[in-house]
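Chain by chain, the residues run as shown.
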Amino acid sequence: MTGKNRLNGGMIDRSTSFGFTFDGVSYRGCAGDTLASALLANGVRLMGRSFKYHRPRGPMTAGSEEPNAIVELRSGARKEPNTRATTAELFDGLVANSQNRWPSLKWDAMAINDLFSPFLTAGFYYKTFMWPKAFWEKLYEPMIRRAAGLGTLSHDPDPDNYDKGYLHCDLLIIGAGPAGLAAALTAGEAGARVILADEDFVLGGRLIADTGTLADEDGATWAGKTVARLQAMPNVRVLSRSTVIGAFDHGIYGMVERVSDHLLEPAPGKPRQILWRVYSKRAILAAGATERPIVFENNDRPGIMLASAMRAYANRWAVSTGSAIAVFTNNDDGHRTAADLVSKGVKTTVIDTRPDAPETTDYETLSGATVTNTQGRLGLAAIEVTLSSGTTRSLTVDGLGVSGGWNPNVHLTCHQRGRPQWDENLAAFVPGGTLPSGLSVAGAASGAFSTHRALQTGQAAAVEALGDLGLKASNPDLPKAEDAPIRVTPFWHVTGAKRAWVDQQNDVTAKDIKLAHQENFRSVEHLKRYTTLGMATDQGKTSNIAGLAIMADVAGKQIPEVGTTIFRPPYTPVAMGVLAGRSRDKTFRPVRKTPSHYWAEEQGAVFVEVGMWMRAQWFPQPGETHWRQSVDREVLQTRKSVGVCDCTTLGKIDVQGTDAAEFLNKVYANGFAKLPVGKTRYGLMLREDGIVMDDGTAARLAEDHFVVTTTTANAVPVYRHMEFVRQCLFPDLDVQLISTTEAWAQYAVAGPNSRKLLQKIVDPEFDISNEGFPFMACGEITVCGGLRARLFRISFSGELAFEIAVPTRYGDALMRRLMEEGKEFDVVPYGLEALGVMRIEKGHAAGNELNGTTTANNLGMGRMVSKAKDSIGSKLSERPGLNEADALKLVGLKPVNPDDKVVAGAHLMTKGTPVDAAHDQGYITSACFSPNLGFHIGLGYLKSGDTRIGEIIRLVSPLTGVDHEVEVVSAHFVDPEGERLRA
Amino acid sequence: MHDLSPLTPLGNAEPSIESIGEVTLEEVTDVALASVAARLGREDDTRLALATLIEVDAPAPSRHAGSTIRAFWTGPDQWMVEAPLETHEDLAKMLSNEIGSAASITEQTDAWCRFDLVGNDLFRALELLCPADTADWSGGEVQRCSIEHLGCFVLCRDPSTVSILGPRSAAGSLHHALVTACHAAF
Amino acid sequence: MIINHPILGPRDAAEFVYKGDASLINRPDWQADDAAERFHEYGYLRDNSAGLHRELWFHEQGDRSWLVVTRDTTTHEITKVELARDVARAEGRSR
Amino acid sequence: MHYSGFRVIKEALTGHRGWGPAWRDATPKSHYDYVIIGGGGHGLATAYYLAKQFQQSNIAVIEKGWIGGGNVGRNTTIIRSNYLLDGNEPFYEFSLQLWEGLEQELNYNAMVSQRGIINLIHSDGQRDAFIRRGNAMILNGADAELLTTEQIVARYPFLNVNNARFPIKGGLAQHRGGTVRHDAVAWGYARGADKYGVDIIQNCEVTGFQIKNGVCTGVETTRGFIGAKKVASCVAGSSSRVMGMAGIRLPIESHVLQAFVSEGLKPLLPGVITFGAGHFYCSQSDKGGLVFGGDIDGYNSYAQRGNLPVVEDVCEGGMAIFPNLGRARLLRMWGGVMDMSMDGSPIIDRTHIDGLYFNGGWCYGGFKATPASGFAYAHLLATDTPHKTATAYRLDRFAKGGMIDEKGVGNQPNLH
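Residue numbers (our numbering), protein chains in the order written: chain S, 1 to 983; chain Z, 1 to 186; chain B, 1 to 95; chain A, 1 to 416.
Hints listed in this document are in silico derivations from the structure and should not be mistaken for laboratory results. Errors might be hidden in some of the hints.
What the hints assert, rightly or not - If you want a taste of the chain B side facing chain A, the calculated C-beta under 8 Å gives, among others:
# : residue
1 : Tyr44
2 : Ala50
3 : Thr70
4 : Thr73
To be verified - Computed footprint of chain B on chain Z; a stretch qualifies when at least three of its residues, placed anywhere within it, have a C-beta under 8 Å from a C-beta of chain B:
# : region
5 : 74 to 83
6 : 145 to 155
None of these values were measured; they are calculated from a predicted model. Heads up, the beta-carbon is just placed ideally off N, CA and C, and yes, glycines get one too.
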């Protein structure tokens with residue numbers, strides 16, 4: 001029913017049959033299958049093509065170390081390229097397609113590369129494609145790029161959601177095989193907070209892939225019962241489909257839980273995957289081991305796989321991987337595979353490199369023999385065996401299991417650059433050097449290969465961890481299990497083999513490694529980079545050691561002398577979506593709304609992002625077809641009568657304490673000690689390096705109470721800076737800081753009628769006449785019949801202006817009231833653009849001028865930097881380089897021909913000089929059309945600008961094709977004497 | 001009395017309330033806030049004054065306490081005071097009178113939006129939102145942390161009630177984060 | 001990374017903002033004869049040690065304390081965490 | 001041995017038996033005219049130009065590990081000259097010109113691929129700044145073009161223009177920018193230098209300097225003392241450690257920068273693209289992997305590895321502009337140690353110790369600078385005067401107030 005190669009038994013649910021397609025052909029599989037097991041069950045073993053030579057490939061493994069059987073899973077926007085068929089859990093309706101082939105998997109035109117393989121050796125591209133020069137980008141590279149790559153990524157946005165989360169535990173156990181389960185049981189019963197994570201969808205590790213018993217039940221049964229026991233413990237969290245991807249500093253682990261990858265699509269509101277940041281006090285790595293292949297001629301045909309994978313397919317998935325199978329081994333474990341296959345009725349022959357191979361009557365064993373070649377175009381048909389006698393013999397088999405011994409999965413122990421150590425007895429690298437702090441290793445991952453030792457070391461690691469955590473271990477009894485000794489005789493590659501694959505996905509052969517050595521790429525890192533060994537999507541899990549062994553061989557060294565490349569996170573590749581979580585599209589970053597936001601929306605305002613804030617840019621009126629019409633109207637009407645602008649976004653910091661004034665003297669370049677209560681002062685803030693950090697105002701509400709404003713962009717850094725000055729530089733000043741930006745809705749009311757308008761809402765007992773409330777006055781008042789408010793007589797527009805603040809929740813109502821009461825003055829709301837125009841007309845510096853490289857001197861405010869006191873930045877602002885004679889000075893610029901534009905970002909040139917960097921005189925920082933003047937104006941920095949007023953210079957912007965004459969003028973285009981401010 | 005009507009942080013006349021699975025998510029607007037920061041050398045005076053106000057000792061780091069008037073720890077010698085808005089609209093001024101020159105008082109009522117999560121196993125939503133270890137919170141805990149790039153306070157009132165205070169201007173974004181986390185968790 | 005905050009206990013370093021070498025606490029005397037030279041060294045020259053490093057972190061997403069963290073820059077191991085304000089006082093920055 | 005089409009075919013047909021070593025493994029002599037510390041891209045390029053361009057001889061490059069193992073072996077392979085300030089732009093433009101002739105110069109295919117770089121613009125203020133930058137580039141003889149969003153979408157059809165938190169309002173392009181096969185740069189210069197007789201000495205770590213009354217006369221190494229007329233430090237990432245042995249404190253902090261590569265994919269990204277409202281830039285290698293990065297971790301580190309928050313921040317930036325990346329898988333992440341200088345710009349200068357020279361402070365911009373850095377450093381070593389494109393890269397600029405601060409963030413290295 002679910003395939004001709006189905007055997008009896010296994011851990012699949014035959015009662016739940018799933019339909020799926022591969023390359024458009026429909027098949028059926030069972031719940032519990034992977035895509036690979038289901039395809040193998042259906043007799044499909046050709047699943048992919050290799051990267052370079054496009055060689056036919058089938059699954060080599062039954063797990064996440066798979067290099068060959070990688071496919072495009074799903075379709076449309078959900079297409080997942082490079083998905084391992086060996087870990088993709090089968091579901092009803094699954095769609096998969098092969099990749100990196102054309103036109104079809106069986107007939108791949110690119111397989112021509114295989115014929116040209118003599119030309120395509122390691123690093124061949126460094127030696128050629130150079131002639132003629134121009135051909136690289138035009139011809140060679142596009143060709144290479146089209147041929148390279150694996151799967152294809154959809155152009156459509158990923159429709160699924162991803163979550164991120166944070167987990168805390170005493171003990172994180174990575175891997176739920178015998179070692180992990182024993183550790184979890186021990187720690188769980190001791191009451192520790194445990195997280196047990198495994199990448200598989202069924203827990204048990206090798207226990208569910210192998211036969212053999214624990215006590216009197218088979219391993220899979222024991223695993224199932226143990227998992228159930230753990231799930232029943234409130235202090236244990238068992239996570240399947242959860243891969244620990246990286247070991248980061250101080251016990252933090254990254255873990256990806258694949259919540260919905262086994263479903264057609266995620267349930268509503270549920271994520272596809274979750275990235276967990278696990279905070280652990282201790283951790284145990286029980287990630288098991290990976291069997292390694294032996295390198296021989298044509299060892300890459302579909303049907304050739306790791307012996308343990310064959311075993312897993314037979315035992316767990318009830319799939320026979322061939323009708324006649326050979327096992328090529330250098331250790332006893334290969335014989336376990338043979339035994340399991342034979343017990344399932346599969347005809348099996350063992351080729352053992354060891355002369356003293358164990359003999360049995362169950363199957364034929366060829367001792368001291370090696371596999372020296374294989375045949376079969378799209379799949380294995382026969383192998384050539386060289387017997388100990390030296391004679392060769394051909395075996396007709398469609399399956400070949402290879403066992404070169406086992407490599408502990410040390411990956412996470414290397415994530416903090418610890419290097420594994422060579423274990424002669426195992427002929428493998430085991431965890432060594434400095435492990436990530438708090439991490440210990442148990443089971444096969446530590447080299448304890450037998451089930452018995454896995455259980456023992458798992459428990460021991462847990463006991464040790466519990467000790468560190470100050471918990472008492474209960475040491476639950478563990479079942480008796482097999483304890484076979486490790487009997488392996490290193491055998492890495494069949495000597496003389498040339499087209500023998502080491503890294504199957506990247507098509508790195510034994511010959512390539514020899515060539516790298518010949519060309520002096522001998523350091524293991526050079527080998528890796530020159531041949532691309534271990535750089536494929538499997539990160540060399542099955543290839544690195546063989547590569548080192550062959551390099552050691554040609555270099556006449558021992559493997560440890562050659563060294564080892566260290567593994568880097570992630571343990572297995574991770575979808576970028578889950579690393580971003582919910583921070584994408586509109587929710588990439590939070591949105592901050594001003595108090596008048598909803599009202600402005602009603603007015604049809606056009607909004608613009610300013611940092612996190614959404615600010616009204618302008619308020620279009622019926623009939624206005626161009627933004628300039630709206631902005632000009634807002635500017636003219638404000639200067640003529642009155643306008644209102646939401647300036648809540650400016651940072652506000654409450655500065656209190658008996659030393660508040662002295663503190664401000666430190667953080668501002670100009671003085672604040674003598675500022676009277678009820679007055680506001682402009683403040684210039686420098687970084688310690690003497691460059692302008694920010695500017696704003698400080699209003700003194702009481703002897704020991706100031707309210708400081710910052711620019712919108714610098715609210716956070718300025719607060720941080722002030723806390724640094726307070727806590728680190730002057731720890732005994734009595735001053736306290738807190739941000740009040742959000743607490744107050746603040747509106748600028750500007751224009752000749754601004755006072756008249758405010759008088760209609762400010763409660764009568766407060767005198768805001770010019771005498772009672774002069775320029776730069778500030779005070780706490782009430783409005784609209786008793787609502788607390790703050791009033792500041794400050795002006796950014798250059799008009800008679802106020803800023804009024806009320807508790808934020810009343811901001812919306814206040815704006816509506818101002819508009820209502822302002823009707824008689826034809827009040828206008830104005831947006832960011834009009835604000836910008838008016839401040840440029842007035843010559844006020846803003847973000848474009850305070851660009852992090854400007855000094856007070858550049859701004860023409862050099863004199864503000866007090867020499868009479870110590871303030872941040874005053875000393876370093878005296879450096880000669882910041883005070884040169886021809887320093888840039890802020891000036892105004894207007895076009896000689898009134899129709900010409902002034903362009904922000906344009907550069908300034910003296911007339912008659914060449915237009916090049918050597919003659920650059922400065923640049924335009926801000927520009928706009930001034931509706932009051934009727935032409936474009938700009939602010940800019942010009943060398944010795946203060947002495948060049950009236951000079952005609954050139955404004956050039958080759959980038960935007962602008963080049964015309966402008967006149968240098970004072971930056972104060974409007975009301976230079978500032979009479980309006982004081983009116 | 002003035003005649004201006006307030007808006008909630010989410011921009012409505014009335015606070016929002018919704019049910020997601022077994023939990024409810026409630027916008028809370030009836031609480032006045034003010035920060036209290038002890039003046040240099042007046043830390044003990046501030047603690048005493050605070051204790052009289054909230055009728056228990058001033059809360060230790062990462063804790064909140066009190067009765068009608070409550071306080072939670074926000075920094076060294078610094079607390080946030082909570083009181084019913086109806087009776088304490090001008091909380092800051094009232095605190096200044098009570099505590100006098102011992103501390104710097106700053107009105108914070110409208111600096112924050114507040115959402116209360118009510119239900120069981122709230123940690124399952126919280127673990128998708130912030131690094132605070134809330135699984136065994138029983139009440140009285142508070143932690144300032146980052147939720148979806150927003151600096152928030154998370155307060156555990158009792159095992160089935162958690163308050164989340166965030167920057168008022170970003171109420172919409174915070175609310176969205178809470179809702180999606182609840183849908184994912186419950 | 002985890003920074004063990006002296007008041008709040010272990011906190012994810014992501015809650016903090018890094019500034020640099022803790023020597024930034026020792027701001028020179030603006031009236032010293034060689035003030036210009038000393039401010040240059042203060043502002044620009046760093047030991048940048050490979051090994052133990054005393055450095056300033058600001059708990060922006062927490063209690064707004066500046067901390068002095070002693071951390072090994074080759075292993076990231078943190079061996080000491082102090083409130084910067086206490087350090088500043090200990091290093092004689094009180095008036 | 002010269003590489004040619006003929007040679008490649010001949011070797012292919014004769015089993016590649018004829019290929020010799022790309023460079024010799026030399027054993028140190030007792031004395032050299034020039035000892036260059038650091039077998040990275042810059043050190044090897046310096047040796048190459050010193051020998052070839054400035055006809056110097058008796059040169060050694062000493063490397064504590066294997067050549068190309070520093071940042072030239074762990075970067076995101078981007079080359080560009082889209083700088084703003086006069087102190088920088090001419091130098092990086094000179095570098096880009098050297099890149100353009102590199103393969104022919106070295107007879108080694110480092111796959112210099114000028115497929116263009118685009119910096120996305122998200123606000124009006126940003127546009128003003130980019131126009132100023134683009135003009136500065138053109139005034140310095142580089143190329144720059146202001147692109148509309150439509151023009152960018154034509155090249156990147158999956159760009160998030162409709163559902164973005166920060167709308168894309170165009171971009172500044174440099175079409176001559178692009179990518180290079182980074183390892184090949186080190187190998188190519190090594191092979192080139194070797195051809196001119198430069199001794200390349202691997203596994204030779206400097207343990208101290210021999211300095212007698214203000215003059216540096218050689219270096220102590222793990223392979224013994226090596227005398228030299230001129231000693232040139234070129235060890236960005238470890239500059240403070242090495243120069244510390246000479247008692248020199250630098251305006252530099254070491255920080256870790258992480259980089260990332262995805263699984264191989266069929267061609268997706270035609271060029272290099274940089275997100276202006278978050279920390280993310282990305283290109284696609286010839287092998288098909290998306291190569292991307294973002295901000296430095298932000299704390300002093302020599303550990304060559306980073307942490308999760310930056311990994312997440314970078315991927316958030318990626319998803320923000322390319323929402324189709326969600327199902328592409330990150331394959332590998334790694335960290336490199338950067339010399340982060342106090343103004344974000346490098347230093348190529350003599351020191352107050354005669355015979356001791358310094359090259360460092362490259363921040364995360366060192367790779368693209370490799371050819372010009374080598375050329376300018378060689379110029380300084382051979383003539384004792386700075387190369388005309390590197391006159392601003394002096395050690396004393398901080399004392400004098402001549403900072404070259406592209407980002408405008410001041411004397412805090414982790415902000416550059």
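Tested hints:
| no. | hint | result |
| --- | --- | --- |
| 1 | Tyr44 | holds, 4 Å |
| 2 | Ala50 | holds, 5 Å |
| 3 | Thr70 | violated, 12 Å |
| 4 | Thr73 | holds, 5 Å |
| 5 | 74 to 83 | holds (count 4) |
| 6 | 145 to 155 | holds (count 3) |
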